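Student: First to last, the protein sequences are chains A and B. Per numbering that gives the first Met the number 0, the first sequence starts with residue 0, numbered consecutively. Per numbering that gives the first Met the number 0, the second sequence starts with residue 0, numbered consecutively.
Check before you lean on any hint, since a few could be wrong.
[Unchecked claim] Calculated lysine-lysine pairs in the DSSO-like style (CA-CA distance at most 27 Å, straight line):
(1) A:281 / B:212
(2) A:143 / B:171
(3) B:209 / A:319
(4) B:196 / B:171
(5) A:109 / B:196
(6) B:29 / A:143
(7) B:196 / A:143
(8) A:281 / B:6
(9) A:319 / B:194
(10) A:29 / B:136
(11) B:194 / A:480
(12) A:62 / A:72
(13) A:281 / B:217
(14) B:136 / A:143
(15) B:209 / A:109
(16) B:171 / A:281
(17) B:136 / B:29
(18) B:29 / A:109
(19) B:86 / B:171
[Claimed, not checked] Here are a few chain A residues that sit away from chain B, every Cβ distance over 12 Å (derived from the structure):
(20) 48
(21) 97
(22) 380
(23) 409
(24) 437
[Stated by the list, open to error] Here are the in silico distance ranges between beta carbons for each label pair:
(25) B:206 / A:169: 31 to 37 Å
(26) B:172 / A:114: 37 to 43 Å
(27) A:290 / B:85: 44 to 50 Å
Hints were generated in silico from the structure; no laboratory data involved. Remember, predicted model here, so these are calculated numbers, not experimental data. Quick reminder that beta carbons are idealized off the backbone N, C-alpha and C, glycines included.
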Amino acid sequence: MKPKLSLLDQALVSRIIEEACQLLLKPGIKVQNAEARKLLADVGAQVDEENMVVRIPEQIVHKALETVPHEFKLYDYEGNPKVQYGGDAVHFDPGSSGISVLLPDTLEHKTAESEDLIRVLKVAESLPQYDAQSTAVVCHDVPKDLHDLYRLYLVMLYSKKPIVTGAFSNTTVHHMLDMLAIFSGGRDALRTKPRAVFDVCPSPPLIWSNFGAGQLIVLARAGVPAEIVSMPLAGAASPVTLLGSVTQHAAECLSGIVIHQLAHAGSPIVWGGAPAIFDMRKGGTPFGAIETAMIDSSYAQVGKHLGLPTHAYLGATEAKVLDTQAGLESGMGVLVGALSGINMISGSGMLDSLLCQSPEKLVTDAEGIAMAKRMIDGMKVQTEMLATGFYEGVNFKGGDFLKQKITMQLFREEQHMPGKVIDRDSMRGWRESGSMDTFARARIRVKEILASYQRPELDPIHEADLRTFVLDLAHQAGLDKLPSLEEIQLV
Amino acid sequence: MSEDIEKLYKDMAQSIIDGDSDISVELAQKAIAINMPPLDAITKGFVVGVNYIGDQFGLGEAFLPELVMAGEAMKAAVATLEPELLKLGEARETMGRVVLATVEGDIHEIGKTLVGTMLSASGFEVTDLGVDQPAEKIIGKALEINASIIGLSALLTTTMVRQRELIEELDKENLRPRIKVMVGGAPITRDWATKIKADGTSEDAVGAVKLAKELVGKA
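Next comes chain B alone, as it looks inside the complex (with noise of 0.2 Å):
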């Protein structure tokens, strides 16, 4: 029993490692017909895949479409254990929630949406609002989850004011340092996120990640 217990939680590892959300769904949906916490699920079976990967990707030996596409296997099998956990009242244990959007008035979203991937894979729970997101409901949906961090993309040199204006929204709200801002996009310097009293930007992803971490304080 207990060897067949091993074989699922490599399965499902193995799921997330291919990329295939049907596999992971299944194997999600096996772990609940056979009364397997689905906790445990989570963190023995799949999680252990979406590290592998990720320590892939960090060394450079797996790539972005894997990445995507593990996040993806990963993102359908929680959801699938997720009203198994709701109904034992648990919850992941994540490194801290996350809201992501891209500005109002922007519809760029490759970079943030790898923001998020890379983000989830390394333990955070990311809430992705998606494009041309007005800053009330940024706001709004990080309070609504009790988010730590915002992360706001802009690609578009007019639209990157609009970062500066939730930034101050929620100051006026006194909502900081409680929620803090990660700023990203093309035209986005370091200058322009100490302007704008971001409490930090990276060029890339795996910058993100490593941001994300230090801002939560689980550098």
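Next up, chain A with everything else stripped away, as it sits in the complex (with noise of 0.2 Å):
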């Protein structure tokens, strides 16, 4: 039996859908990019040009709903399935564009710069519990018009995984599907086997900028998949109560969809999110409020009722270092999230809301990611008899159990061995180890990894390429060469 959480009774579901869509009528949606607009109004949608609002009737919605997608693949590097988009399956990934990195000896949140990402990139890539790389910090080391396409630059080079990844601007995502398509042998073989996602975000309330449909567009002509992440922020941006919030996202993600639908029926595209409620005493945006992770379970709820792809932003925090706040937020939000069947979950390694990444809270955040999944993996019935063939010889003596075949044939199914990381010596053991506490053990985890990290062996045509096209557009952003890469002679 695998355990299921739903906050939502079906009722609730479809009063949410119905008044999102009542929402997409009045106010109408604010669609601040010309083609969309005209997208929209070539369907029958009602356009005010003047003040860029359309209004969207329900018939246009579920035409949408009828052609997008209920689950795609992203594939590794060498063209394996990896993450399953639709349905109940869970993935994590790393938080992403952040601008800080913690470091670990000073606990300064420093600037990011390729180094930090690279270091980030290495230990995501060595823990299994991250499915998928995501472009997780800006590196500042590079000029602005290369911010995005930089960043992928990077995990293309460290990494094998699938990446969720989004662009800046409507120029760079052209930039970086081309990055993709030299790895995937072409812009066919990207569509067809799609490594990354690329996040693309309204603005709250109910506003498709001129960059977000913009990129709804591009992705939806290029076939490689979209990922709405749309973050209201309840209390601010949207209504302060939570289900207010969900069902302006709704209203967001539908009108999204139909964008992105009609710009090219049938390709990929999520519902997904980064909303939180808003912090009344620090006007900040809480990822580790309870009420954040209920928003994002419920959200998941709606859009899986519609049979669509599920992300979520889930597993951060707002504390500053790795410490208990750190750990209980974290760990309550991936929780959360696996229990709701979310498909992608980023937001792991994050501090200061979505501001700093840390390698060393990667590593803590993995051990929560394998609790989540063991709890999701459910009471597993294992046996003929639940209990009663096990008491044969054991004349009431506790420890016999251990002396049973059956015991270890099963003792790794039943029990998810944690990591180093997590604690469960005796004080012994624990002071004789040298008294350390969770992040001083995050710390020498993340040492370890970066001592055995290997890069990919990729095609050495293929990176070529890849740098050369990164260089060619370095140089048209003033800079002479790239930043010099540990374990990379650059061309």
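Two chains, two frames, some hints: make the complex.
Tutor: Below you can see the structure in the form of structure tokens.
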């Protein structure tokens, strides 16, 4: 029996979808992209060009929901399917687009550069809990024009895993698709076996910016999966009620899917988001808040009801260091996400909301992910009789179950073995191994991973083509050369 | 009579604390009707409420919705009294004038609006131009109202570069240090603020008020 968390009953799911469709008519959706407005007008949506407000009738929404795929896969470098979007499959990737990293020695939140992203990539590559990489931090040692695509460049050089990424402009998205196509063997091959999904963000409340809608159109036509990251902020940029925010999320996603499917029917897209409640004391957006997780779980339920692949931002925290708050918030978020059957859960490694990545947190979060995965694996009926077959010869003696063959056969299936970051030692053992807390153990684990990491073997022609392509863009951005990278001799 | 006046001041303060714009406007009209000096209504009545909510917020006892609603009630009361102030040729004494805006190409405004509310509550006169504002418009407004601070918000890594452009424009026109520039937004780091020669940055609205006070020499 697989456990499943449902915060909404069926009637509530229907009401959310119904009211979301009402929002698409009144007040409508602001669409700041002319091409998207034209696509909508052409199928009969009512467009107020002056105010860029579009009213989308329900039948247009239903039409889009008929053509949108219910599942798709992401592939690794070698073309093996590794991530299943759709159904109740659960995957995790590190939180993306942080601007700083936690330095373990000084606890400083240092502005991120290439070497920091590479550390994050190496750690995430080595941990099986992360089914995909993300373009985890922005590297400030390259010019702004290169920020989005340069992150992808480093991921492609240091990883073989599928990638959750996103572009920062309507120009660079084409470059990023071209980069992925170099490794896939062309744009058609990329479409058939996409390695990456691109995050695309509406702006709350109910706005598709020129950039956001532009991304939807480009990605739909490229046939590369788009992931809607709708982010209602309950009480500030969306209704204060959690259900009101879930409904706004639905309206933003539905309108996004309509634009996307109108640009190219049948292209894959994900019902995703990074909502949060709005903290009324500090004005922040707490991704570690339980209400944030409740919004995520609820909108995922709505997305599943519509038969769509799902995504959410969970497993992040507002804590600034790897402390108890970081652990409990990240752990709870990950567990809620897993129990909700969300296909891709982004956010691990993140401190200070989504601003600061930490390799040490990535290894700690991986333990939480493993626990959550064990949880959703559920209670298993392993034996014909649940217990009565175990007592022969036991004679009321504790410890005798350890001598049973079946214990040896089944303990690995019944119990998840945590890594060394989790302490289950005796007091004596703990003292003898240095009286370390979680952070100290995580630091050691990160050092071990970095020492044993080996860059994946990539086709040298692919790699050279990719470098030439990115170098050319760097030249256009006014850079003589790209930052030098350890392990890589630049051409 | 003076007891009535005392009661009116108290009600004014309370209307701000309650965040009730209808009542604060009603009380402002009452003040005009009984020929109460408009500056007295503001400083002895409404401002007392703003200060109270500001203090409570600082203590973690009041929350943003209360602060924002108090700011709205204050704004409505002052707007009602303003024509009277003008007639008398009087002006409120403020901490200084601030122009706030989100840079061109960026439509995020929650953080900026909060900074505006906090600055107003702390005695600054805030002109919030809103989102997606080109540099020349922001600078133009700052010159028009003789502002001492421009506060520039950017939430996107793609739009933060506009902060630098505005600062360069001010330098070109020799408008600094007369006009100081505070920058803010999720992707804004101290390194960035230093690099673009901004006068300061803060990660949150409380810090922004502290910075603004420093910049006008009233910390």
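Student: Check each numbered hint against the structure and report the violated ones by number, ascending.
Tutor: Hint check: 6, 8, 16, 17, 18, 19 and 21 fail, others pass.
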